[in-house]
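A.B. asks: Letter by letter, the chains look like this.
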Amino acid sequence: MALEFSPETYKKFEETVNRYPKKEAALLPVLCLAQKEFGHLGQEAIEYVARLMEQSPARVCGVVSFYTMLNTKPIGWHHIQVCRTLPCALRGAERLTSFISKTLGIEVGQTTADGRFTLSEVECLASCGTAPMMQINDDYYENLTDEKVTEVLASLK
Amino acid sequence: MEKVLLRNIDVPDSHTLAVYSSRGGYRPWQEVVKNIRPEQLIEEIKASGLRGRGGAGFPTGMKWGFVPKDSPKPKYMVCNADESEPGTFKDRLLIEKDPHAIIEGTLMAAYAIQSHTAFIYIRGELAFGANILERAVDEATQAGYIGKNILGSGYDVDLIVHRGAGAYICGEETALLSSLEGGRGWPKVKPPFPATHGLFGCPTVVNNVETLAALPWIIEHGAAAYAAMGTDKSKGTKLFSVSGHISKPGVYELEMGYPLMKFLEEDCGGVPNGRRLKGVIPGGGSMPVLRPDELEKVNLDYESVQAAGSLLGSGGVIVMDDGTCMVRAAWNLARFFAHESCGQCSPCREGCHWMEKIFHRIEQGEGRKGDLELILNVSGNIMGNTICPFGDAAAMPAAAFVRKYREEFEEHITQKRCTIRNGVME
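In order, the protein sequences belong to chains A and B. Quick note on my numbering: the first sequence kicks off at 240 and runs consecutively. Quick note on my numbering: the second sequence kicks off at 9 and runs consecutively.
Treat the hints with care, as some may be off.
[As the list claims (entries may be wrong)] Across the chosen pairs, the derived CB separations fall in these ranges: (1) A:L242 x B:A315: 36 to 44 Å; (2) B:P20 x A:G354: 47 to 55 Å; (3) A:S295 x B:K11: 31 to 39 Å; (4) A:S394 x B:P76: 52 to 60 Å; (5) B:A315 x A:E254: 36 to 44 Å; (6) A:E254 x B:K156: 16 to 24 Å; (7) B:S255 x A:L242: 16 to 24 Å; (8) A:Q282 x B:G155: 36 to 44 Å; (9) B:M9 x A:E254: 40 to 48 Å; (10) A:S295 x B:K305: 41 to 49 Å; (11) B:K11 x A:D377: 29 to 37 Å; (12) A:R334 x B:G378: 45 to 53 Å; (13) B:K156 x A:E381: 40 to 48 Å.
[To be verified] Covered stretches of chain B, going by a simulated chain A footprint (3 or more residues, C-beta under 8 Å): (14) 72–81; (15) 124–132; (16) 254–262; (17) 279–286.
[What the hints assert, rightly or not] DSBU-like mimics (lysine-lysine), calculated; alpha carbons at most 35 Å apart, straight line: (18) A:K275 x B:K77; (19) B:K11 x B:K377; (20) B:K256 x A:K396; (21) A:K261 x B:K377; (22) B:K11 x B:K305; (23) B:K196 x A:K261; (24) B:K196 x A:K275; (25) A:K312 x B:K365; (26) A:K262 x B:K377; (27) A:K341 x B:K81; (28) B:K156 x A:K251; (29) A:K262 x B:K77.
In case anyone wonders, no lab produced these hints; they're calculated from the structure. Glycine included, each C-beta is placed from N, C-alpha and C at the ideal position.
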């Protein structure tokens, strides 16, 4: 069956488009809706959004590939993103990343075999005063220590 | 000093309309929309001396004044909440703790340029903040501060919270507009400026969160009260985000012109663990680093920081102690810019990656003779040769690290290893 929004998401899509002065301006929010619904934005999802937005799949694909939060490949249920930019690096971000990497047994950019965790390094998340930090899905975890990370990861299992 | 921007953040539930209103919130907006003409409002903000807090420091009232009054096209107001500059986390604090101040300021700016559609463009990663802003917009709409015929004034404005999807460049105003139009976040050539050709080719103003959050206070207390604070050319107060090797990191509000060393040593508790100061980036990761000997006379205002050879930028103060390998620090920031370059202009697209690779090999002990000249050469060829300020933002700090800590870079090359013992970034 072809990929499509559930009736509830389709309603959200219509509401979203109607909020904007021009339909094309709603592309990013609609892509975010699609990612939430489909897990990631593969080719089928991109073609579906392109049809909904009355744009070419090539254009939509160009937009998707520009933004780091839009994933074209499946990722783990919990997406761990450790900030690696200078203020976090000065307070131990590199150590933090290798600790998580060891704990989960995966390298940066990989997903655990059970599909639960993906580990990424990302650039500045505007949390420099509470470094080192990581974002897991929508949530920030700040002032991290090994103990705190262990606790957080255990709570997510 | 009276707090302008952080006046509400320690009050419990400061993000709610009830608390904001109980502290006088939206009174200035009622005054503006009922009794002040748009031209008067622009004049008042010009008189306050308020300058854009996103990094460029352009006078806010003047920016509004460039919007044509007789344009037949719709006009748009955009609050830039895409805070992504390394070392900067002040807007996030305001978004989470005082969203109504941002909304009230955005409404005032929209009114000043007579826009009927306003946006708050918030970076996508800040989901928590975006939820708070959306709730606050709903509250303000229900209270009649947003919508049609606001408080019987005949003025209409709609306010949309728009989430980005991860791209540093979208903090640059023309890139932000490209993104808001539903495209890749590509900066546009200026001129024409957004004031005449912005969102969808229509007159548009983009102001930073902190700039807008100052407006309610200025209207309530008067432009003269705001202008009485700060220095001759840098008026009022500003937020500073302090990070890195410092005892008390965080967001501080200071009167412009506050001495930097006094701030770091007395207010922020100095460098911890008995270490010594090695360098400070005063205005976010895009700005040149300053050595301790350059910091002595620096005051935190636009002119003083510029005189010292850097820029005040976003007020993101990154502190590095003597355990910091400056080659690694330079590489870290070069990697940031290589990752975030939007790819439109070849000097930046190619140059940022070259600089990143060269810094990296020097740090790995594989630096070559002539590498430092090569970095300065690449940096010099990016400077001024790109559509947007990103190119300069990548080039300036790279060159500054090499020029100011040259011996350390040379040691790395001649000894073929990192020469900083007990480094803090391993």
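A.B. asks: Hint by hint, where does the structure go against what was stated? Just the numbers, ascending.
C.D. replies: 1, 2, 3, 5, 7, 10, 12, 14, 17, 18, 19, 21, 26, 27
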